[in-house]
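Asker: Chains A and B, in that order, give the protein sequences. Okay, so the first sequence: first residue is 1 according to the working numbering, each after it adds one. Okay, so the second sequence: first residue is 1 according to the working numbering, each after it adds one.
Calculated directly from the structure, the hints in this document are not laboratory data. It is possible that some hints are incorrect.
[Unchecked claim] BS3-like mimics (lysine-lysine), calculated; alpha carbons at most 27 Å apart, straight line:
id, chain 1, residue 1, chain 2, residue 2
1, A, Lys561, B, Lys203
2, B, Lys203, A, Lys15
3, B, Lys755, A, Lys452
4, A, Lys203, B, Lys755
5, B, Lys755, B, Lys290
6, A, Lys178, A, Lys561
7, B, Lys561, A, Lys203
[Unchecked claim] What the simulated footprint calls covered on chain A by chain B, stretch by stretch (three residues with Cβ under 8 Å from a Cβ of chain B suffice, anywhere in the stretch; the number is not a length):
id, region
8, 493–501
9, 637–651
10, 743–750
Please read all numbers here as calculations on a predicted model, not as lab measurements. Glycine is no exception: its CB is placed at the ideal position from the N, C-alpha and C atoms.
There are 2 protein chains.
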Amino acid sequence: MNIGTRVPMTDGPPKVTGQAIYADDLRLPNMLYGKILRSPHAHARIISINTSKAERLPGVMGVVTGKDAPAKYGILPIGHDETAFSIDRVRYVGDEVAAVCATSEQIAEEALELIEVEYEILPAFVTPEEAMGCEDESLWLHHDRKRNIEKQYHHHFGDVEKGFQEALDSGGAVRFDKYYNPRVTHVPMEPHACVANWEHEGKVTLWTSTQTPHYVHRTLAVVLDMPMSSIRVIKPFVGGGFGGKSETFTHEVAACLLAKKTCRPVKFNFTREEVFYAHRGRPEQYVELKTGVAKDGRITAVEAKVVQDGGAYCSYGVVTILYSGALIAALYDIPNIKFDGYRVLTNKPACGPMRGHGTVGVRFGFESQLDMLAAEIGMDAGELRLKNKLKPNTITVNDLRVTSYGYDKCIEKVMEASDWRNKRSKMPYGKGVGMAGSHYVSGAANSIIRSKLPHSTVSIKIDYDGGVTVYTGAAEIGQGTETIHAQIVAEEMGIELSRIRIVAADSALTPVDLGSYSSRVTFMAGNAAKEAARDIKMQLFRAAAELLGESPEHLVARDEKIFPRDEPHRSITYQEALLACIEQGGTLIAKGTYTPPPESQGGSFRGAGVGPGVAYSYAAQVAEVTVDPETGLFTVDKIWAAHDCGRALNLLTVEGQVEGSVWMGLGQAVAEEQIFENGKTMNPGLLEYKSASSLESPPIETFIVETIDPEGPFGAKEAGEGSLAATIPAVANAIYDAIGVRINDLPLSPERILKAIEEQKKRS
Amino acid sequence: MNIGTRVPMTDGPPKVTGQAIYADDLRLPNMLYGKILRSPHAHARIISINTSKAERLPGVMGVVTGKDAPAKYGILPIGHDETAFSIDRVRYVGDEVAAVCATSEQIAEEALELIEVEYEILPAFVTPEEAMGCEDESLWLHHDRKRNIEKQYHHHFGDVEKGFQEALDSGGAVRFDKYYNPRVTHVPMEPHACVANWEHEGKVTLWTSTQTPHYVHRTLAVVLDMPMSSIRVIKPFVGGGFGGKSETFTHEVAACLLAKKTCRPVKFNFTREEVFYAHRGRPEQYVELKTGVAKDGRITAVEAKVVQDGGAYCSYGVVTILYSGALIAALYDIPNIKFDGYRVLTNKPACGPMRGHGTVGVRFGFESQLDMLAAEIGMDAGELRLKNKLKPNTITVNDLRVTSYGYDKCIEKVMEASDWRNKRSKMPYGKGVGMAGSHYVSGAANSIIRSKLPHSTVSIKIDYDGGVTVYTGAAEIGQGTETIHAQIVAEEMGIELSRIRIVAADSALTPVDLGSYSSRVTFMAGNAAKEAARDIKMQLFRAAAELLGESPEHLVARDEKIFPRDEPHRSITYQEALLACIEQGGTLIAKGTYTPPPESQGGSFRGAGVGPGVAYSYAAQVAEVTVDPETGLFTVDKIWAAHDCGRALNLLTVEGQVEGSVWMGLGQAVAEEQIFENGKTMNPGLLEYKSASSLESPPIETFIVETIDPEGPFGAKEAGEGSLAATIPAVANAIYDAIGVRINDLPLSPERILKAIEEQKKRS
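Okay, chain A solo, but in the shape it has when bound:
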């Protein structure tokens, strides 16, 4: 039994001993170094590119530009608006124009300066308002995106006006508030990096730091105009992604193109500045919320308008804006929801998915507003949340399918642990507690590129040596994927974890898994791994049954033994059964697959364009803060975080994911913000972009709430994203509790607090 215990991550030792090979650790013979020339302009036409001087620089082995890879692509089938390099237009400061490879990074950088690009500068749109206001078609970032609107959604489920009226009629309250979320980014420790190796007979291998090797594989086939079977994509160790490495990037294409051109391996390794250009983080968002609460605390209606500044390309933007509306539901029981969402193109680096994808901006607003509504109707904010709990196995008004539901237990847990009832509104001025909730889905029910293919296949090989090799396409990016695969297989087979070896995310070796995004891996690849392990266990059982004179159905596997249920004394060993099995049919192989159930997919999600998903996780948090009203400086003294992850397969990794989410949310709450001046990123570095370090973490007390999900492997559901969104409003609500001021604009900076205190003073 390893499930439910504290299992150290299997990839921990190589990481801490330095044996782990990240993309930048790869050294192939004769390897060249690539660099990308980027636009200095936020918006401009390319008149001409002259690379001849660069090509003549000694040590330069190859140069590529837009004409070498003209195919359009993008992660979403409805958002194919990128080319590897800008062909006629650059759309943000940092947009890719050309790439060179040379015998050293220094020479490659020198060569960039020798590439002559003639631009015709165009007016740049740096706010959604400006962009949406542009009637001049020739200036739109993409000609088929009218007034720079990438996508708009207008949903109305139930009847919000009726809901608001009901709230007022009951003596409840209705509030309208505006919230602002700046653009934030993932800041993984490892910058984007890759190595391409052009092989004989027109084949290429790309090692790349990615969360989605399968989608990179598909895109490369299009952009390189090669059959997928001639391309091998391998994900080496990855030093963090958080959503920022979830699609194909220019350097990946460039490495392949340059490797082909030079017949030598080519490496790209981003500078930290380039990571900020590659970005694909959380967009700046303008959120308007109107919420009604009846006198008894029931939420009667929510109306939301969200405008997202998506930057220059679509990326996942259509999903981000959709989720921001759709995921208003499924946390509370809300009968009426109206949503108007706008994803807008601007001349800034493209945004994309970031941990808590789509949910964080609106959740900050909603949980803040709920706090105020609770005060208005004179109800405790925790009690109000409990009042609006959902029932398990519910279909929400907008057709989201909730299976297991542990939000209420999460709330009770943090209320009790934080001594909420004795603290809320009862602490001295300057000290306060705040609560908020959040949730996330265990993967999207539909694959990004629609098909009937399974979302995950896992296969297993066992031979004479007794080692168990698990082949999975799932991408370990630090979240514990490989450990979880190993645990699930060992648990299902009743064998030691040390027997398991994970071979992952290598298109030549491993089955397809859609990738590490949307918190899908434990749930989906986990289910596939469990099925594969069960298949191979049954093979062993059939061989064991002959030896034991039993029927295979009566056997169980535990502690490396196989025995008839309730008769452990009549056991044979795993190794004995294995040998008997191999003698009969050679090396054991098996597979398992996962496809979301039909009821979770497709059409039933009214008007939304994505499936309603599978298995929501739930989180509730209480933050305690101390605010200095003289300076606006504040500290988060402690956070109590409860997370309903279904069944916790590994206590250690679930806690790690919750703590990581809380801390990442906290960074966004208190400090993080990308700053632009005329479209230029002003703080593209770790000194300037204030991502907090672990030294600044408050104590986080984590509570795992287990609601055994009927569809998850051993009952598990997601743990990696759902906790993030709660942290920000919990801190905002705590600041309100401490000093009575409400900050609706992120980050919750001392400046904003001080300004709010001053305004409060003026009003009083």
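Based on these hints, arrange chain B on the given structure of chain A.
Answerer: Showing chain B alone in chain A's frame:
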């Protein structure tokens, strides 16, 4: 259709472009370099070893000696007489005493000189005669090998005395001759090399240049005292083996031990001199042959005595001496065979298997003697050989199981092509032609370590990208294994070769195959690959059948299409069938296995201890020579070589194997010989050991004779070894034809020829 065409080897491009990674090309971070301390004495007791000075040398990171790995091992279960390092006794000049690893090769070498070993020198046995004559038990190389005899066989099938009498009674002839074969060795271009990496949690990975990764894997588990599942053995590119890398060597154990000791990767790369010590080549052999031929040309009886100087350890010696007797049969129809074989231990490097394993020494004698017998009864040597042909599907007198048989066609082919009938005995003095035949088995019917496990499993994975990954444990050592796997799978599935990717010989990734020895891979792994491909094809057929409204049994796959037999216009593409198949059940996986049929195994091989094997290949050759009687110098002007390989799966690689065999045989015929002085190897280098280069190759005209073997994949059988043994006697017989002298001692040097001419003159 790729089978039967000229398919360039799939591993050719990486080899010629330098992309291929051999063991010595591996560079792991923090890697250390290992060196082995070897005995300067042919035979001595070790009184003491003091490594402390070496350990103190700056840069030295670890030292190991015999006490670090005391377990006995050996490739044959009945020959476990080695330890990784000598513990109490050294048995040859070059025997391993200790190993060090250091930050550079230079430091490691310096450290060797600081290791103090006190020896008590013992008398050394340098000839089998001396060794067998020793009655002093305390001096025997291994205490349980009485009078240094490793193994003796005394077989008698039929009645040879009756046979000889029959020959004489018919007016035929009986001859008794002695033949001498010196010790020769493989000289692969790549010296032995390996890298061991100690991983977290007590696991180790060894990359090693080996022909038998599975047996190395098993032995390491014993010697390192670790479970096999904690050991991963990977065969990188291998630069030739020819039998010389078919078991576990000290440097492989040492690398693992030192990696464990230092927690750093450790590399060993042999000097050429060390390759001569590791050796395991063909033993020096003293062959006595008595053969009777009836007046009509029928061979009536053969009596053979063979004494082999096996060197200091058993290695494969028990098999070598057995094969030298057993394989007198199965080429000709011989009713009576008597064999007395002695494998003797001496104080020289251990011998082992070398291309043509066990057959070459006796075949040289037998085919020479047959030439003389033909002359004595006044029959053409070619006709005599044809007279004694076997029938297909024969069990020989010693129970060898012949299935397909194309020796007679081979003889006819080379007789015709060489214009034999107009040349033999008809050319001017100094010019002559000679003929000889040979054969080999397509793998041993019994695995080296007896078990019921299949000899080969091959598995296949196909995913959405349409690429076909073939997992095989088979070891590509330059002979074309991977190409053949790819061809077989592509052919069976009716798809392009370019789709196939071979993943081979990595214990963590691939199923077990017993290794590249005894010419078994095309036959055995090929059959497994074909079965796996058929299984996965049937999966595609079942999906295609639904789309086509047909029964799967009526479908055929060709040119990347699947269609009802005889209705190619009603086709769907491979990719369409694949997608339908993956939609139903995820990534496709399948496996195939090969186990030799029961009738080829075990008990039926009278007294021999190995199975009678599967599928013999046949070869006939004619050599034409020009001898200068003044100097004894001669040139081989041309060789016509015909080889019956069953079905030629790849004309290019079969021809390559035949030419390689001929040339390797030719080297042994004309020049190669290991020279010893008091047990010390006197010519351990490429300058001194005269292995011929390709520049010295005569024209070789190769004829492929196809007898479709009923048990081989597409009818194939072995091609890599069977042609070697014929070359030596063909040249000897040609020299006889040219100048009328008979050389019975190898190599056929000018000195020996000159001496024979002088003796001839004396006699005449």
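Asker: Against this structure, judge whether each hint is valid.
Answerer: Results for each hint:
{"no.": "1", "hint": "A:Lys561 with B:Lys203", "in the structure": "holds, 23 Å"}
{"no.": "2", "hint": "B:Lys203 with A:Lys15", "in the structure": "holds, 15 Å"}
{"no.": "3", "hint": "B:Lys755 with A:Lys452", "in the structure": "violated, 82 Å"}
{"no.": "4", "hint": "A:Lys203 with B:Lys755", "in the structure": "violated, 60 Å"}
{"no.": "5", "hint": "B:Lys755 with B:Lys290", "in the structure": "holds, 25 Å"}
{"no.": "6", "hint": "A:Lys178 with A:Lys561", "in the structure": "violated, 62 Å"}
{"no.": "7", "hint": "B:Lys561 with A:Lys203", "in the structure": "holds, 23 Å"}
{"no.": "8", "hint": "493–501", "in the structure": "holds (count 3)"}
{"no.": "9", "hint": "637–651", "in the structure": "violated (count 0)"}
{"no.": "10", "hint": "743–750", "in the structure": "violated (count 0)"}
Checked against the numbered hints above, the structure breaks hints 3, 4, 6, 9 and 10 and satisfies the rest.
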